[in-house]
Amino acid sequence: MDPLRPVSDAPSPAEGASVAPDLAELLKLSGRGDQGAFSQLYDAVSPRVFGLAVRVVRDRAQAEEVTQEALLEIWRTASRFDPDRGSPLAWMLTIVHRKSVDRVRSAEASTRRDTSYHQQNQPVDHDATAEAAHASLEARRVRTALGSLTPVQREALELAYFGGYTHTEVAGLLDLPVGTAKTRIRDGLIRLRDTMGVGGA
Amino acid sequence: MSIDIHALSGAYAVDALDDIERAQFERHLADCPACRAEVASLQEASALMAETVLEAPPAGLRDRVLADIATVRPLPPLVTGLVSGEAVARRPARRWFPGLVAAAAVVTAIGVGVGVTQPWQDESSQVQPSAVDRIKAADDVQSFSKDFPDGSSATLYRSTSMNKAAIVTKNMADAPSGKVYELWLQHDDRMVAAGLMPDGPDNVVELSGDPATADGFGITVETDGGSTSGEPEGEVVAVVGFDQA
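Read top to bottom, the protein sequences are chains Z and L. Mind the numbering: the first sequence is residues 1 to 201 in UniProt numbering, read in order. Mind the numbering: the second sequence is residues 1 to 245 in UniProt numbering, read in order.
Treat each hint with caution, since some may be false.
[As the list claims (entries may be wrong)] Mimicking SDA-like on lysine to any residue, the simulated pairs with C-alpha atoms at most 20 Å apart in a straight line are:
id, chain 1, residue 1, chain 2, residue 2
1, Z, Lys28, L, Pro74
2, L, Lys146, L, Asp215
3, Z, Lys28, L, Asp150
4, L, Lys146, L, Gly200
5, L, Lys170, Z, Arg32
6, Z, Lys28, L, Arg73
7, L, Lys170, L, Pro74
8, L, Lys170, Z, Gly33
9, Z, Lys28, L, Ala70
10, Z, Lys28, L, Pro77
11, L, Lys170, L, Gln142
12, L, Lys170, Z, Arg80
13, L, Lys170, L, Pro201
14, Z, Lys28, L, Leu75
15, L, Lys170, Z, Ser79
16, Z, Lys28, L, Val72
17, L, Lys136, L, Thr213
18, Z, Lys28, L, Pro76
19, Z, Lys28, L, Leu66
20, Z, Lys28, L, Thr71
21, Z, Lys28, Z, Pro83
In short, the hints are calculated from the structure, not lab data. Model, not experiment: these values are computed from the prediction.
Here chain Z stands alone, though its shape is the one from the complex:
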């Protein structure tokens, strides 16, 4: 682990900048109760956290609540992050995603399905996605990598990750035989992983 080094007081939350501060170090300090470190962590990751929550939960007020809950959980469990088992960002976003999915599933019928906000037939709104993230080089790389998946892999993966659907529901949405959506999701993730060169693959 890098030696302790100061991180600038107000890191710019600029979208698209790759995450400059040492997130693992900030997590470690947060686990010791360092609120200043956590505020830097917030500045570094909140656009990802909130963006992901909004994308899955859709309702902005609820996405704020989910973001707040997830960040509190990250604060509370920061000492449990194990750098040997993955990157800090993936660890945090896994918590955020889980909470977002829990929220849409528990809210199911009431909120998500009958909201007219963002309601569309197109399961994934690529234009809005692109617009929000056009400045990000990393986003461009990811979108290129996603573009290399087969259409079914990509749709299955996006319905699962951004739509919060189970693989069984994804199979239904895409008219796939039950049991094959999970394979498409896995294949898609493996391709994304290998194209982006993450996960020690």
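Since the structure of chain Z is already known, use the hints to place chain L on it.
Below, chain L alone, put in the same frame as chain Z:
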């Protein structure tokens, strides 16, 4: 166990399993290093997708989050002494102890896979404060405490006349992700499941079963949902005999 279960790694990485599948897969993960590694790498991949949806949060959120965290103490790290074999090894075997350790050791050694699905059939009931207070107020109440190296503690209160026992934890670290603390009562050489402990540092959990006739109690770390074999399978956190009141 289904051979197919490995194929759930991708769906698990993107939270696309229903609750039952998730519990099954997490039980599988505990025994399958290959799947653990794959899930970790796929979670790295899925997290990249968040790069495409960046959105600055509303201005007020930062202050609310920072106000939130100021009121919550971060959990301590998982201290190896608490859940590793170290705590067990340091304690000499006592007469109520070998049954449990042997069970845990044997299962660990052969890595028995368990395919029975009955998750959460016995979700531990968190008792009202009054329930533990009644036990504590009983004329014949006994208490048995276990202090852990990280400063946490677990105290069991038992009333033989009421045939009830409750455990009170202080500052207890959560079980590792995908794991849960399971409570046991020892009857002769058998350990009988007595409930699961929810996450959270300070819990009050009433034990099920027959505390009055038990010889001791134990806490183990089991895969989420608890041991499915009816015997302790995971690591032993504490074993305390009732003859040492």
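Hint check results:
1. Lys28/Z <-> Pro74/L: holds (11 Å)
2. Lys146/L <-> Asp215/L: holds (16 Å)
3. Lys28/Z <-> Asp150/L: With Cα atoms ~18 Å apart, Lys28/Z and Asp150/L stay inside 20 Å; holds.
4. Lys146/L <-> Gly200/L: Since the Cα atoms of Lys146/L and Gly200/L sit roughly 17 Å apart, the hinted pair holds (cutoff 20 Å).
5. Lys170/L <-> Arg32/Z: holds (19 Å)
6. Lys28/Z <-> Arg73/L: Since the Cα atoms of Lys28/Z and Arg73/L sit roughly 14 Å apart, the hinted pair holds (cutoff 20 Å).
7. Lys170/L <-> Pro74/L: Holds. Lys170/L to Pro74/L sits at ~14 Å (cutoff 20 Å).
8. Lys170/L <-> Gly33/Z: Distance of about 19 Å is within 20 Å: holds.
9. Lys28/Z <-> Ala70/L: Holds, at roughly 16 Å.
10. Lys28/Z <-> Pro77/L: Measuring from Cα to Cα gives roughly 10 Å; hence the hint holds.
11. Lys170/L <-> Gln142/L: holds (18 Å)
12. Lys170/L <-> Arg80/Z: The hint holds at about 19 Å.
13. Lys170/L <-> Pro201/L: Holds, because 6 Å separates the two Cα atoms, which is no more than 20 Å.
14. Lys28/Z <-> Leu75/L: holds (12 Å)
15. Lys170/L <-> Ser79/Z: holds (18 Å)
16. Lys28/Z <-> Val72/L: holds (16 Å)
17. Lys136/L <-> Thr213/L: Between Lys136/L and Thr213/L the Cα gap is close to 18 Å, so the pair holds against 20 Å.
18. Lys28/Z <-> Pro76/L: holds (11 Å)
19. Lys28/Z <-> Leu66/L: At roughly 17 Å apart (the allowed maximum being 20 Å), Leu66/L and Lys28/Z satisfy the hint.
20. Lys28/Z <-> Thr71/L: Holds, because 18 Å separates the two Cα atoms, which is no more than 20 Å.
21. Lys28/Z <-> Pro83/Z: With a Cα-Cα distance of about 10 Å, the restraint between Lys28/Z and Pro83/Z holds, given a limit of 20 Å.
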